[in-house]
Amino acid sequence: MTKTKTKTKTKTKTKTKTKAQGGAGDVLGPLYRAWTVRDQKYVRRLYQRLDDIVAALGDEVPGRPHYDGDFVRAELDELLRKQESRERKKRQPEIDAEVDDIIPPFLDIFQNAAGAPTSLIRLMVLLQDAGLALAAHYKAKFERPRPHLLDHGIDPSVSVPNHAAYPSGHALQAALTAHGLAEVFGHDPGVMAEAFDVADRIRENREWAGVHYASDGEAGAEIARAAFTDLREAYDELFVEAIADVQGISPHRSPYLGTGPLVARLPEARKRPVPVQWSLARMGISEKHGNIDRGGKGVRIALIDAPVDVTHPTFGEGDAHAIDARLAGCGDQELWAESRAAINVDYPRARDARLAFSSKGGGHGTAMGGLIVGRHTPICPLWGAAPEAHLLPVRVTTRLADTHENRLAVAGSILQVVELGAKVVLVGPPFVRPEESVYPAAWSEPVDMDAFAGPCDPLALAILLASVAVPVIIPAGNDGTAAISYPGAPSDFTAAIEALRNKAGASAVMRMLDGAGLSVPEERLKAVAALDIADRGDAFAGTGIIVVGSAKLTDPTDANSPLVPAAYSQSGPGLCLLCPSDRDEDPSAAPPADGVTRYNYVPAPDILGHGGYAEDPASLYSGHEGEQGFGGTSAASAQAAGIVARMIETRAGDGVTGPAIRSAIVEALDAEYDVTRGYGVLTVKVV
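If you count by the UniProt record's numbering, then the sequence shown holds residues 1 to 687, one letter each, in order.
Don't read these hints as lab results, they were simulated from the structure.
Fair warning: there could be bad hints in the mix.
What the hints assert, rightly or not - Here are the simulated EDC-like cross-link-like pairs (lysine to aspartate or glutamate), alpha carbons at most 16 Å apart as the crow flies:
| no. | residue 1 | residue 2 |
| --- | --- | --- |
| 1 | 89 | 204 |
| 2 | 297 | 388 |
| 3 | 82 | 151 |
| 4 | 82 | 155 |
| 5 | 685 | 649 |
| 6 | 271 | 616 |
| 7 | 503 | 445 |
| 8 | 139 | 222 |
| 9 | 139 | 233 |
| 10 | 41 | 334 |
| 11 | 139 | 59 |
| 12 | 526 | 538 |
| 13 | 685 | 674 |
| 14 | 141 | 236 |
| 15 | 82 | 237 |
| 16 | 90 | 204 |
| 17 | 297 | 319 |
| 18 | 141 | 237 |
| 19 | 297 | 649 |
| 20 | 89 | 155 |
| 21 | 503 | 522 |
| 22 | 503 | 448 |
| 23 | 526 | 498 |
| 24 | 41 | 233 |
| 25 | 271 | 615 |
| 26 | 141 | 51 |
| 27 | 41 | 236 |
| 28 | 41 | 129 |
Work out the full structure, taking the sequences as your base and the hints as a guide.
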């Protein structure tokens, strides 16, 4: 199977494996039944750990449900409304199919005939077992009556189970399955986002069926988020096997077993060629330039992205720790929370915080962080663009699905890192652009807020607010279209500015922020309201938003050949500049066997195992040539963040702001603006 994992800033949902029909038992027949014997050790392991998992969740997750009063009455009224809606009839076939088996909707994400790896379905089945066990515990604890017992007007459309309502077992199992798929498909943000969409749909269907209150489903999803990392550890071998089956192109066994420090798990060293960091050299950073081992001193860079393996040696060489050194050596939740050196939006509650922050299924965050602040080591001989800077990694990849709550959670992390002293913010993941109907388009007429998810897109708002204070870097995207990916297009921000300019809109925005526990200086809100972002030319002039595209070598065999915009790199109004990155892909072409060196990718630190970008699963870094590697506008934006950090270092104490830094970059590039290349290729000359 040809596998390319370079351009992860994409909106297309890659269908990676299969479409399977029927329940898990129908799909696999005798093999599925054989697992009931083979996997008993994992079931035993689950029940041996169940008390510890419940104890770790404590009394806060889930909270005690409501049994009566206005809250319950409102939930019952909503169920009655759903009962009379035509939507219920449309959903009924789904509702019926999901009564006893919720795995098929997840298998429907994959749409080719190869067949789902058996390891993946085994894992999904065991996550269902875990969800069943956890739900049974909390149902017995809370004994919340089913909705139809409190209001006899509610007529469930399926048979009502004879156990309690809270939490929803279907919601808990579906959410655990989504988290499991997010770990296995850590290289594919489209599958990750769609898995959570499916989980939300299953949860909602139980409400449409009239057998659960909305708060039952919310509690189930909350339990799944809090318990997943413990289950990931309990099923470690199964996760590693599934990741290898889904992502692996190498026949070598994955060395990424266990949960201790990465170096302690290193396999026997194999001789590997040292990658050529050609892209940094083209930006003016190399041994020849005398600046490869320094730059960005004292500058904190926030990376809003995928999981980062904080135990990777590139982040902790000698006394120079790009990430708080204590985090690499300890998983204690309290220490992590107090350090403020890493933020876990995905799994904020976990017994082992270090494990919860990392991933075996996706190396994107580690590659990005390493490209920014990595330091050369004997086992990872690569430098980042700003090796003296400090990294503040923020894990957000389970928040990629298209919901207001997800955007609000990520927005909170962006505002938080600015308050924690970040001088550069890189927003890396491929979020899904919300539908136009989700938020008000204008405030010239009175707005009925009940018709919208919120007064404006909180993610776009947070980027605007942050960009007033510091540069905010956004990858342009890899779909090859003439419009920037979300959240980097000018049109993504205009509604938020419009809301702040209107008295009623500004009040609604403040209520949204207050409700999420977010505080923003009034002068920053006023500054955003005064911005003028038009969907033409350099749309973000006057802001701190820097949208970065990719430049490729015209001749991949010559690292010094001219750089031109890559065909995959999205362009359009708002694009600020380009940075060197990988070639345009031609999946139909076999790699030449002529022995000529090709600079196909951007070398980057990598995770162990088949979830990374290196062709060898035992390598701590990916290379510049071969069939697989790192690149895209993600790699371009990471290198740009390093250059910006170097620039801020030279201006320390000068009252640096986002708009000031962006203006200085534009002035230094000294080129005429073009929507296909911005102001040109960024180099250290701007420093």
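Practice problem: If any of the earlier hints don't hold here, list their numbers in rising order. | Solution: As far as the earlier hints go, 9, 10, 12, 13, 14, 15 and 18 are violated by this structure, in ascending order.
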